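Chains as they are written, first to last, in the working numbering: chain F, 1 to 499; chain H, 1001 to 1311; chain G, 2001 to 2220; chain D, 3001 to 3468.
Keep in mind the hints are simulated off the structure, nothing from the lab. Please note that a few of the clues may not be correct.
[As the list claims (entries may be wrong)] List time: in silico SDA-like cross-link candidates among lysine to any residue, alpha-carbon distance up to 20 Å:
(1) LYS1051/H / LEU3289/D
(2) LYS3299/D / TYR1059/H
(3) LYS1051/H / GLN3298/D
(4) LYS1156/H / GLY3175/D
(5) LYS1031/H / PRO1041/H
(6) LYS3078/D / THR1309/H
(7) LYS3078/D / GLY3247/D
(8) LYS3206/D / TYR1059/H
(9) LYS3003/D / ALA3053/D
(10) LYS3128/D / TYR1059/H
(11) LYS3299/D / ASP1048/H
(12) LYS3078/D / SER1157/H
(13) LYS1156/H / LEU3172/D
(14) LYS1055/H / GLN3298/D
(15) LYS1031/H / LEU1279/H
(16) LYS3206/D / THR1064/H
(17) LYS1029/H / PRO1041/H
(18) LYS1156/H / GLY1173/H
(19) LYS1031/H / LEU1043/H
Since the model is a prediction, treat every value here as computed from it, not as a measurement.
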Amino acid sequence: MTLTVLLLLAVPLLFGALCLVLPTSGLRLSALVAGSMTHLAVVIRSWTSVERVAADDLLGTDPLGHLMLTLISVLFAVTSVYFVGYHRKRLISQRVFLACMLGLLAALSMVCLSQHFGLLWVALEAASLAATPLIYFRLGARALEATWKFLLMNSVGVALALLGIFCVALSTTGVGEPVSLTVLELVRGAESLDPVWLRSGFLLALVGFGTKMGLAPLHSWKPDAYGEAPPPVAALLAGGMTLGAFVCILRVVQVCSAAGLAEFASFWLIAFGLFSIATAAVFVVGNNDYRRLAAYTSVEHMGVLVVGIGLGVAGSYASMLHAMHNMLNKGALFFLAGFLWRLHGTNRISLVRGTISRSPVAGVLLLGTLCATCGLPPFGMFFSELGIILAAASQGQWWVLALFVTTLAVVFVGVMTAMLPVVFGDPPQAESMIATTGTEPRWRRGVMLSAAAVLLGLGFGLGVYQPDSVRRALDEAAQSIARPQAQAIAALEQPEVHP
Amino acid sequence: MTVLRAIGAVPEAVAVLALPPMLLSIIAKTKAWFGGRDGPPWLQPYYDLMKLLRKGVVYSRTTTWVFRAGPIVNLAALLCAATLIPVFSDDTLLGFGGDVILIAYLLALGRMLTVLAAMDTGSSFEGMGASREVTFGTMSEPALFLSFVVLALATKSLSLAEMLGAPLQAAWGDVAPAMLLVVAALLIVLLTETCRVPVDDPATHLELTMIHEVMVLDHSGPDFAYITYAAALKFLLLGSILVHAALPHASWALWIDAPLRVVELAVLAMLVGVIESSLARLRLQRVSLLLAGAFVLSGLAAVLTFYRTHA
Amino acid sequence: MSVETATDLVLVMVILLDLGMLTVSRLATTVRFFALQSLLLAFLPLAAATFEGQAPGMHALVIAGGTITLKVVLIPTILLRIIRTGEIHREIEPFIGFTASVLLGAALVVVSFAITARLPVPREPVSNLIVPASLSTVLIGLLTLVSRLKAITQVVGFLILENGIFIFGLLLIEQTPLLVEMGILLDLFVGVFIMAIVVYHIRREFDHMDTHLLDELREA
Amino acid sequence: MIKTGIYGLLRVLSWLPPLPRTCALVMVAFGVVSGVLGVLYALAQHDLKRLLAYHSVENIGIIGMGIGMGMLGGALGKPALVALGYGGALLHVLNHALFKGLLFLSAGAVIQATGTGEIDRLGGLARKTPVNAAFFLLAAISICGLPPLNGFVGEWIVYGALFEGTRSVPRLSAGVSALGVVSLALMGGLALACFVKVFGVVFLGKERTGTRVARATPGAMRAGMGVLAVLCVAIGVLPGLIVPLTGAGVQVIADLGPMEFERALPSVLAPAGRLSLLAMVFFGLIATLAVVRRGLIQKNAVALPSPVATWGCGYAAATPRMQYTASSFAWSLLSSFRALLCPERRLHAPAAVFSEAAHLESHTVDMAEQDLFAPLFRAASRVSRMIQTLSWTGEPAMERRSARASERLRPFVAVVVGATAAVRRGSIHVYVAFIAFTLLVVFAIEVWVAPGAEGHSAPISVMQGAPQ
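So that you can see chain F by itself, here it is in the shape it has in the complex:
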């Protein structure tokens, strides 16, 4: 286990403990920001001297995990800054809250780094447990109900995933000498795995982690949880947690494609993906709560991710690109949702009008984010969805292409018809908003909007032009998903550098 891996886990935990201990809230908040910033620094440094995972390492930075770790770390850094602007006195107990936030960061880092399936599950379970108190932030019946649903659904889902992992493990028993459950070992010995157990394991893992990720029809907890959780937490969940679950699914997909079940896996991935986008399309139309609307767009983006993976290497590359932009976009969307809540005091779309006239910057940012969510050209989502369309076309799957495009179109219509009046409508004259708006100190609004602007800017920048380092990282990750054998063999040729 290399130094960087240790650091990646230790830093958040250390700063989490600090948050518990520090007396004043100012100190605690600075600890939060410091923690996430150092974590980001360590991740960026790890990119400079990339050493791939050795043979039987429990924890290591393989291309896929490394990419996802970077995304999560970037999101955390920006969210912590946003949280400083967003946070106000009313809080269950700030110590526990901040500690859990950093705990979530540690758990998600472990998910990305762990090569062993069992460890993967433990990390993901820890992440969902760390996230539960975060949702129960605002005390009250609705928050409580959201927490209960989140907790129960995720625990059941992840339990089933554990069963799936055990089935995958069971498929190796037929081989004779037991193979340790690391991704590399499984990929290398993939041909000899027993297909029936592997297939049932994949399906169980897909349903289990799918619940965690929010694929339809297992998505029903998502609108409730994201609707009630405070916006920074919702951003973390939508951007970070889903990526964690996505990594777990991709690990199992790696094993399946190595064992020659790629076609089987892609069939189910595409089926779930399209169903998710369709469900999101149906529930987006006529929705009257912009946070639930954002949650359904998250369900849709999960669908797009999974469909991408099901479409071979080109699709996987587009899917990786989509994962990056999903993180950026979801973050910005929920930050702005939080700002809207502060501005208008309600999350019912019918009551919220004329954001652009009340605060032009927020209005413009909101418009940009909405365009990004629906995948309009200047933003990155467009290029990733286009990549998926081209991948589907080159594989001649016209039905998939047709369904994919129509459902995305319906989502576009649903989102835009709902949200454009929010941006451009004329603000209600009667001061129906709660008095809390407008009295926001200027620096808080500045911090919140700048965090959203950073994410939106990244979304725009990385969409139009991907620097080749980013492109190489995405490509390596895509290769490792679609053609794991090449990756595994390459890793093994590496000389045994460290224990």
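On the provided structure of chain F, position chains H, G and D as indicated by the hints.
Just chains H, G and D, lined up with the frame of chain F:
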């Protein structure tokens, strides 16, 4: 297009320009023979033209330059079309691949200008004529084009000269019924375009019933001469297309072909005369039915040729 | 009485406890049933080790000890304390009546046996009952989750589901390193602990524990 | 602006591998429908600008047909068809931009001069704004695709593509191309009718009431229009300049070699040079005939009485209101296409012998907009509403209906109603039930699709049918 060929074509061109009024007189003569009358003298149309060319011009207050340009552009369009349509010999003066479309659209250009000239006068009679002319013109286009499709399919080429030339003879061999239908459709289109009886009565005096005549009501002097000559020329051109389609044969020497074609055109004129004397005018709604019939005929011909060529 | 018959006996007892739990309406009894089931399951790793001939290694002992301390002692005490503080003791009128749920449970057991018959047999396990027992426990756990109203029963349902998966894990004792095994147990414990806190809050907030009344969040 | 749609379509086509034949035929069908319906609606319009807008629909139809033919060529592997199809479409895009621009500019001049775009209240503008009238006429001639001007060049190549399409082997595509030819001819005729109506009613005839005294179009506008007009005539007379230009475009779309394009085009249509030759002949003839006419008129100039009113067959008191208006002009055509357009006519016939006001009002509703898209959007939101609330009526009133269920079925209905109510209320049990249900379904499909445990089973991927 060598200069020699141009010089060689001059006598043929002169003949083509001189013939049309004669066809009108043949029609008049056959109608008169049917009516037991002597009918106007053979050269009556020429006398009319001469008379008109010598007469003065009267323009109404409301007309603008469009009224004056109408007849000129109409006649020019038709003369252009004449250079593309084989009348006596089988090759045309300026024919090229795809000139079929050009011919149809030149006719349409002529029709457009005449109709605009009619509307320029601002009288409701001319407006009525214009509206009817446009309606029936629109309805005859599909039938005309479908017949061209059939001819193009049968002879594998897009230039009218080849379509109506030797390859058509072979086409008559294997898709004879289709060719017959095409000829019938072209006959109906001819009758519509040149305002003969079943569609429009050239000899009537009641404006409400006219189509073509009422449009040109207000023209006088040389303008009216241009228009009458253009109508006659149009009859000749469409007639020769019909004749070439009906009786295609490899082009022998010019001195055999020319008289043969003239006789065939004369027979066609007589046929039109017979139709005019035996049939009464159709009610306006029935005319669109007739044109739809023409379209169906050429449609059937198309289906037959498709069936045969794409067996 | 050889090791195989002992394990078979234990597994059969586990399945019976599952079905028994479906019939019980008192919350406290369901928790006690769960504790008993966990106790029985704690012996299985020992039996699996002795089946391979060598004495039960440190690995199996640690797992057995962990299971007992967590699942037999700690979790039931927490749940029972919550039941005692809240006045609610019975599961009245759940979605699916008790008799119906038992019949359904039995059907699920039959289904799990049928499924195992189709699945290829892994390398010579301790007893061929392991897979059907785990499947039926998992399915009955899901059934409890879906059909019972009270939050506590739902937590117990989740724990039964977890037990089912634990049985399944027995087949792979050698492959999963100790760290992972303990991680799973620890996660389970923390999970249930947090659930207990949330249930406590629900009871305090709504002064009832019927989760089906938690329905404020829905499509407007 | 509409061209961006076309650009997007072509750009995507250049990426995708050659699509199967059915896509091409669907494209041609779209072209036909939008063309014919577009021009029919244009014919039925009363407002100048709406009329021009609907006409764009027709031109896009023609461009669509061209693209369809190009795609068909791609599918059948006939470079000639590809070159003609895409070439025609691109050329028509260019030409359409020119003459439609000119039309809108001169329509703007009309509205600026008279203050209204309502055709039936305009009239006799050719005398007041002759230059504007000339530009409008020129643009009208080219939009109907009549020979000397640029509209014809685009349509001529699209016609070439369609004729070439009729010769393609598979019978269905040949049939569709023939349908294309016929519909293009019909569109040409209808376009002619439509623009004759507009030009005649707006610019010619006597001035109808209700418009300001028209001022001459200012110089600047005339200059702008002049540029476009010159371009239209230039392309019309010298198509040779433009055709190779579109050749480059085609090569990008269908990645056809430059050689193939050069060879493909002349195989079907003569080089564009012949068109310019004929244009020269045409203008020459006009010039000679005009000179002859002027000469004759001078020669036999007769003492002209002061210009008299138009001969109304003896009816002296003809008022401007008696002229043919737009709707009356188009009515004979519209009535024959009644089936397609279903125009509405409200007639207040004169009641008594000396009735006071009789009123006839007819207008054509855009069928696509009113009968196709509006209900489609309403239905889509209703369906999603139904799915969201899981009730037929869209609002959760299911509970009341269960009371009416028959006695015997009541328990069963109660369960169903309870279940849907539970789902709608979003209770946790239902969410967990969803997980169990998905598992059940997934494994059932898996077992049904790949029975038997042995061997590497290739699942019948229902989703992956590739109709190549």
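Here is what the structure says about each hint:
1. LYS1051/H / LEU3289/D: Cα-Cα ~17 Å, so holds.
2. LYS3299/D / TYR1059/H: At roughly 17 Å apart (the allowed maximum being 20 Å), TYR1059/H and LYS3299/D satisfy the hint.
3. LYS1051/H / GLN3298/D: Within the cut-off at roughly 16 Å; holds.
4. LYS1156/H / GLY3175/D: holds (16 Å)
5. LYS1031/H / PRO1041/H: holds (13 Å)
6. LYS3078/D / THR1309/H: This hinted pair holds, its Cα atoms lying about 18 Å apart.
7. LYS3078/D / GLY3247/D: holds (16 Å)
8. LYS3206/D / TYR1059/H: holds (14 Å)
9. LYS3003/D / ALA3053/D: holds (13 Å)
10. LYS3128/D / TYR1059/H: Holds, at roughly 18 Å.
11. LYS3299/D / ASP1048/H: Roughly 18 Å separates the two Cα atoms, so the pair holds.
12. LYS3078/D / SER1157/H: holds (17 Å)
13. LYS1156/H / LEU3172/D: Answer holds: LYS1156/H to LEU3172/D is near 18 Å, not above 20 Å.
14. LYS1055/H / GLN3298/D: holds (11 Å)
15. LYS1031/H / LEU1279/H: holds (11 Å)
16. LYS3206/D / THR1064/H: holds (11 Å)
17. LYS1029/H / PRO1041/H: At roughly 8 Å apart (the allowed maximum being 20 Å), PRO1041/H and LYS1029/H satisfy the hint.
18. LYS1156/H / GLY1173/H: The given pair, whose Cα atoms are some 15 Å apart, holds under the 20 Å limit.
19. LYS1031/H / LEU1043/H: holds (16 Å)
Violation of the numbered hints given earlier is absent; every hint is satisfied by the structure.
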